[in-house]
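**Student:** Residues per chain, in single letters:
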Amino acid sequence: MIEELRTKARELLTDGTVDCVIGYEIAPRGDVRPVFIYDPAEVDRLVFNSRCDHNLVTYLNRRNKPPKRGAPVPTTGIVVKPCDAKSIQVLLNEHQVDRDKVTIIGVACAGMVDATGAPETRCTHCLQRTPLLYDVLLGDPPESVDAADSFDDIEEFDALPPEERRAFWLRELNRCIRCYACRQACPGCFCDVCESERDDSLWIGIADDIPEKAFFHITRAFHLAGRCVECNACELVCPMGIPLSLLNRKIVEEIEHSMGGFRAGISDEPTPLVTKLTGEEEINEVHK
Amino acid sequence: MKFISKPNLEHWLGILAQERTLVAPVKATVGERPGSAAALPAGKQSCYAIVDGIDEISWGFQRTAMSAREFVFPKSECLFTIETDEQGRKTVRESIDPEERIIFGIRPCDARAIGVLDAVMLQEPADETYRQRRERTWLIGLACNQMWDDCFCTSVGGSPNSREDVDILLTEVEDGYAVDVITDKGQELLVQAVLDEKPDLVLPEPVLNEAFDVPPTDVWIDSFNDVYWERVGDRCLSCRACVYVCPTCRCFDVREETVARPDGTRVTRSIRSWDSCQGANYRMVAGGANPRSKPGQRTRNRFFCKFHYVPVTYDVDVACVGCGRCITACPVHIDISEVLQDMAQKEVV
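Just so you know, the protein sequences line up as chains A and B, in that order. First residue of the first sequence: 1, per the working numbering; consecutive thereafter. First residue of the second sequence: 1001, per the working numbering; consecutive thereafter.
One chain only, chain B, in its complex shape:
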């Protein structure tokens, strides 16, 4: 087994950060303000961010508040711009030219989530902007030594030390990290790293949460009209927190937004932004009809998307990686693990 000492790892990341953009877990910046006593809960204390140097990296991080999804599929991006001059002549400029990026410290669940995004976005015809960005992204995974409070990756086919979808997987051991090189892309990065060979290195066993049964893909559709979804939807606020913290959600909206300048010229930006199936206007169509007008119908959609729609449509077993972020983020404590267990127990008529 290959091994890298902590100083050598830091040195290597320093070199990588000079050559490419480095994304790494950092401590969330939370404003301390007068009269505020509450600190952010553990699940919200860190996030992934582009770092200038390795001293910004938060090493003892748990799960980050937001996943690394935004670094392969940004919250919003400009696809192209149209400049209109005083004579009305238009110039179209494409703005997609993603930089080379390394995501360091991605957790195995988030890496698997990028695998889900790949299956959906890269299915032909591929989403070109996603493909370009994805091809220029390296994933250096960091195995979890334990599952956190709301995590359930082992119930959906993952594990805290899964090797899936990363280029390199690091596992924390004494004085450094075990290095598991998984892809050629990963090997390419390691050329500049000082590694040791430790044949008798024993990897620690992660501390697991108890797994539960997840209902198989084909049983979901029988519950489509079940009043259960209306009851879950009763408390749902129809906000978008669950969807935006989810590492596998990939709905988006595209709009052309024009700004007129005082000199008579205009600029139109074609903007693609994350969208959500939980908002009231999610299924609104021309004429105002809305087949998903009730919160429960949209709550159901989120669960069906993860466990039925995506698995039957794309080459994915299940589109939930069990990171548990939606459980932490939900203001009214709608709990995906509870829903899954309710569904598994349900006697479908």
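The following block holds chain A by itself, in its conformation from the complex:
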């Protein structure tokens, strides 16, 4: 499949379909990392394997905002796993990505593994083996695991007494160093100015204290309600090992159970937690 990937990337760059292909390469110490390929001669750097766990879609937010006003949005080819494709769908639903500027190189995915070779937890409850959205699909989709997500992990955590859960979160969030890697890695976090980084400290101050850290993480989880696709990028990049996905999955579960089985990124339906205008609303007299 890697040869197909390189051939496709070479083709897209050579015929001018895209300015850049965002994919994965092997870093000098053997880790997999994101790579931006501009030159067809460099496509051999591209790889795909079960350690390609970064969600590259976060980079589309950046490329979608050209540094100079009025400058054209560059065209991008991007390697996309099934979870990442859901991120693109969320961005499309929220008018953040120009579909015409993006060539989606979908890859069939058997799930990612962690550094020890064990399947990543999020992949064990992911049903998609083929991206729902792609322009070209590479690889043979493995057999799909046909089992619904049971949310066992969330139920187990919910069963703990409230004071234990509280103690757990205070301890975990206290380790946060406010590096914002979780937010930066998240395709769904695309605000120009995050509420936690306003110069006026209107919502969140700059102190390294639990209230500030907890407020940031809980608010971020709320802002991702109905938008989180469970790619787990936030948790994977956390330098302090905070189990952030537990917050997000709790909300995923709440929404699935209370809003007719809604899951983010599988249709062009935006999160049910935002107001959707139908075009038939009457503008209030006051605002005329």
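Because the hints were derived from the structure by calculation, they are not lab data. Heads up, the beta-carbon is just placed ideally off N, CA and C, and yes, glycines get one too.
Between beta-carbon pairs, the in silico distance windows are:
(1) Arg1255/B x Ala159/A: 34 to 44 Å
(2) Pro211/A x Asp1052/B: 16 to 26 Å
(3) Leu170/A x Trp1148/B: 26 to 36 Å
(4) Asn174/A x Gln1345/B: 39 to 49 Å
(5) Ser1293/B x Glu11/A: 26 to 36 Å
(6) Leu170/A x Arg1136/B: 23 to 33 Å
(7) Asn174/A x Glu1205/B: 32 to 42 Å
Based on the hints, put chain B in the right spot on chain A.
**Tutor:** This is chain B only, laid out in the frame that chain A set:
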């Protein structure tokens, strides 16, 4: 060579912990949660923390996830408070009065890093809060018996058993530790310790990683406009992990934050917190102009700061101590050792 047995060392640390605040390496508290299989990688399993007793100390620790920087330069601190009463009268209260602290088990790289902070923060006019805290801090170093996976201290002028910037350096030997007293401040602490004299004590040679050449201070500026930095910046997420785990970074932000109370009084706290050159608003100025708006410009800044800006501005040869934490912490594997080797090989035009 002076020697202290393990029981005597523990006894001595116990006495020190009663008299002053003791900071020591401890095992990182990682919540075990349902559905989580992954343990923290070796580089994140321990951290420095204030300990109540010596039984909290983690003896077999490697490099800690965060450096000891926060104990001389806290992640955030309140510089002063202003209380405003119902009549609008204001009372200003300074809140800097640091306690006496001993950092036990600081690794030689982290101690050298405090040397870098000293050069920057204590250059006249000195940063007063830093100076007070630093003067009341003792550093008891613990030599590394090996370099860990991402370490490269020997490439930037350090070594796993460097004596620089510690008050006392301990080296693990059979049944105890060799004690190297370096400063008078260190001698003062050792008064309460039971030491032995072992003239024929041989210190172990640490296991080293292969060193590489680091480009000299003056060549960096030629690469300022090189597209190389844009390429490194492409993958950079513009998070702050590298900066916050770095033992020599010292950028900060100061803000006055006011809380109004229901009874009509207010309290304003002047808070200083770590800041980072990697965040998008790092160089934002009044009017919204931002000369470091691209990630690559900010990535470049981090490397230039360590190897060019600080060395040409302060009395420091190089502002990176090779602890390798930024390599471990970077979510997208931007690797300072790779950048240094790329720069060394670069034919600058």
